[in-house]
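Number of protein chains: 2
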Amino acid sequence: MRSNSRLSSLRKEIERTTHEIFSLIDKRLSLVRKVSEEKEREGISVINRDVERHLQNNVIEMCSGRNLDARFALRILNQLIQESVQVQLERNPVNSPPSVAEIFSKARRMNNAGKHILHLEVGEPDFAPPNQARRKLMKALSRGDVGYTESQGILLLRRKIADVFNQRYSRQISADEVIVTAGGRLALFLAVSSVVQAGDEVIILEPSYPAYSRFVTEVGGRPVSLSTELEDFWEPEISELEQQINPTTKAIILNSPSNPTGKVLDESVFRRIVGLANDHDIFVLSDEVYSRFTQSHYTSILEHPKCSYVCVQSFSKTYGMTGFRLGFAISNTKTINMMAKLQGLLLTSVPEFVQYSGLGALDSKDEVKHNVGVIESRSKAMNGLLKELPVSFYPPDGGFYFFPQFQNKELDSVDFAEHLLEEKGVCIVPGTIYGRRYSSFFRIALCQEKQVLIEAVRRIGEMLE
Amino acid sequence: MRSNSRLSSLRKEIERTTHEIFSLIDKRLSLVRKVSEEKEREGISVINRDVERHLQNNVIEMCSGRNLDARFALRILNQLIQESVQVQLERNPVNSPPSVAEIFSKARRMNNAGKHILHLEVGEPDFAPPNQARRKLMKALSRGDVGYTESQGILLLRRKIADVFNQRYSRQISADEVIVTAGGRLALFLAVSSVVQAGDEVIILEPSYPAYSRFVTEVGGRPVSLSTELEDFWEPEISELEQQINPTTKAIILNSPSNPTGKVLDESVFRRIVGLANDHDIFVLSDEVYSRFTQSHYTSILEHPKCSYVCVQSFSKTYGMTGFRLGFAISNTKTINMMAKLQGLLLTSVPEFVQYSGLGALDSKDEVKHNVGVIESRSKAMNGLLKELPVSFYPPDGGFYFFPQFQNKELDSVDFAEHLLEEKGVCIVPGTIYGRRYSSFFRIALCQEKQVLIEAVRRIGEMLE
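Line by line, the protein sequences give chains A and B. In case it helps, the working numbering puts the first sequence at residues 1 to 465. In case it helps, the working numbering puts the second sequence at residues 1 to 465.
Next up, chain A with everything else stripped away, as it sits in the complex (with noise of 0.2 angstroms):
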């Protein structure tokens, strides 16, 4: 450094400048804490979206004119901006999050001592596998296919999926763009991870399974919501997707047939979403593990190939193999492979046995169509017994869920699902967790015996009385 007295005078300013940075953060803060007094006295939410995107609005603009990077700039100031919530939290201590992981653990707890719970919470079918799917797991460890394999999964297996699908949508997808995945959610959570930076927005549409926007968080993302309402048939209000989209918009998630609503997303509604995500650039990560349980029409994303995307899938619900943690997902060979990349470092790869389960699923027709008829038969059923309640709802397309609404909409779900479980041994899971808004739904699962079934709504209707 001695040698170079240019380069230790700069380095100097780049100090100085450092710390007038933080300096002027350390003022900002400061600011946001006597904003936080003023909310505090007129009783304002903390976090405020509008003037969230006028921030952001403003630094797009400054970076415009200068070499700074925006999508760098964006990053620092979400963070500034995140700072600022929790130093506001902190002040106004707000109610905390509904504590449904407590009920669900009180229904196990309950379950262990002996008390009958009937489970109206738990998305998981009550279907064996397909004895193909077993037969091929119990051959391929036999013959000792227990080793790492691909990050990306088999070739037989991607292959196959590929096959599928391309007959079933007229497609030419090859198996390199096919991951096999440790279940669904994994896919989703890679998906995410391969499409979204710090810093970066990804729209949801809510009522939506929570994961995704943890998914979003956790790769340091924020996730922007977009409700739909009952009265609306959750249908999604296009022009109000399209305010929502801004230069660090870098994902929207799909889920039809929708957790926990049941829509299906009509194809006009489909192909308006991916002509924005074209038009902005924007990758739709379309969550399809429900896709079988449709009642009437559906769309897959593959139909609509014009727009980035990831079609992500699932053994789980479709052939009853939950525990064997199997899911696949198609997208452009770029994002594979990130995907493949990051599957590789956080798990090398899928168990190889498992993999070969997949190959005998695939195969298992039948099986599938016997269970996608039990749960059309236990929705038509449901949809009989919660007309007689003091509910409303929107019959579903398709899916595992009914997601009424109170017709007493002060009542909170959390509590009537705490009340529930306690007097009437009946578990259900509080909309709440799909969105603060939907405080005055709950969502009841198809997995259970229709007997199960009738006896719990007979239950829930004597605890809505």
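The hints are simulated quantities; they were obtained by calculation from the structure and are not laboratory data. Where a beta carbon is used, it is the ideal one built from N, C-alpha and C, also for glycine. Fair warning: there could be bad hints in the mix.
What the hints assert, rightly or not - Only part of the chain B face toward chain A is listed, based on derived beta-carbon distances under 10 angstroms:
(1) Asn4
(2) Lys27
(3) Val35
(4) Val46
(5) Ile47
(6) Glu83
(7) Val87
(8) Val122
(9) Glu124
(10) Pro351
(11) Phe393
(12) Tyr394
Once you have looked at the hints, place chain B on chain A.
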């Protein structure tokens, strides 16, 4: 907003401050570009840990007198530094990292094309999984144990693991302090994710398993490497380790026996590291997946419970169960719960029937004895074989690997590996992937029969002539 002019003026001030912050960040990056020019002129390396540390200390000092959280500020600083490094690398493109993946995929292609390759690269032992492990798996599958389990793993297996280690190390570990994971790799990732936040530093002893630093980077942390040398018998310098510790240091990763060096840390070294970790409130993440393959002394972190730690274990190496993807970790309940939560988010749980195989494995003592004996005998043979070559090496205390250095230190291991594969059909791992400074080293695994090892070393010898 209209109703509260104070709130509105505070917001304006926040906006102005935000603008200033980003102007300064922009200015800082311009200065960095100038530094880069100077460095280029002088041929100085882009990364300068002393300068970084100086900036970190400044920021820590600033925070101490203010209402500014040091962890938050250092996280932001580390990102500014990271962006600066990026900006400089763009100006001064260095050699791209060695294309090790290319060598491996070439080996695979050659294999597929029918060429017989001697694989000394993969650390996947050739022993079959214990019969009891397979049997337990098949029984569980037939019984219908094919559902989701607790994310932490089935109680039966966690209890058994606790029992085994309590007996081995006279501890009182409870099943709550154990998590069953989808492989040792994932256990380590879950540990890093639970312990390390963005901007935190993690000390890694080099040469090291490359996944360590990738895990740290994945969660936004900064890997800090502490290199060890063959000349020092791969012994870490504790005083150097202490110098690397600062308030953002959150963990140190140990791996004894080491991949790739085969070094087993002395008990006294372990004790001193644990002492430092305790003094500075740092987690010790101890990857002990090779612990059964030790030829003399061996110390586990479980014998040093005086600091926060996560002990990572796996069924893969000990039992020849790589393709089962089954591992586990032992830590305090709080950390285990965080790890379980993240595993639940990513995977729901490990496949239920695979967890049962672990019960069978833990009863397979004879198989372990056999496997350990096999590796020991190969290790002895390799010791003799390598002595005849123009290489220097530390005779491993344990593990699966040898990590020799060319006597001609100018030889680049990536080049060497490429030529060895093409001309002699032998695949090895270049030392560079364990740390840039190890370019004159290479790793060979003891996972092939002795005859293969003998032939492979003969060809390596030819290549070195």
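* **Numbered hints the structure breaks, given as an ascending list** => 4, 5, 11, 12
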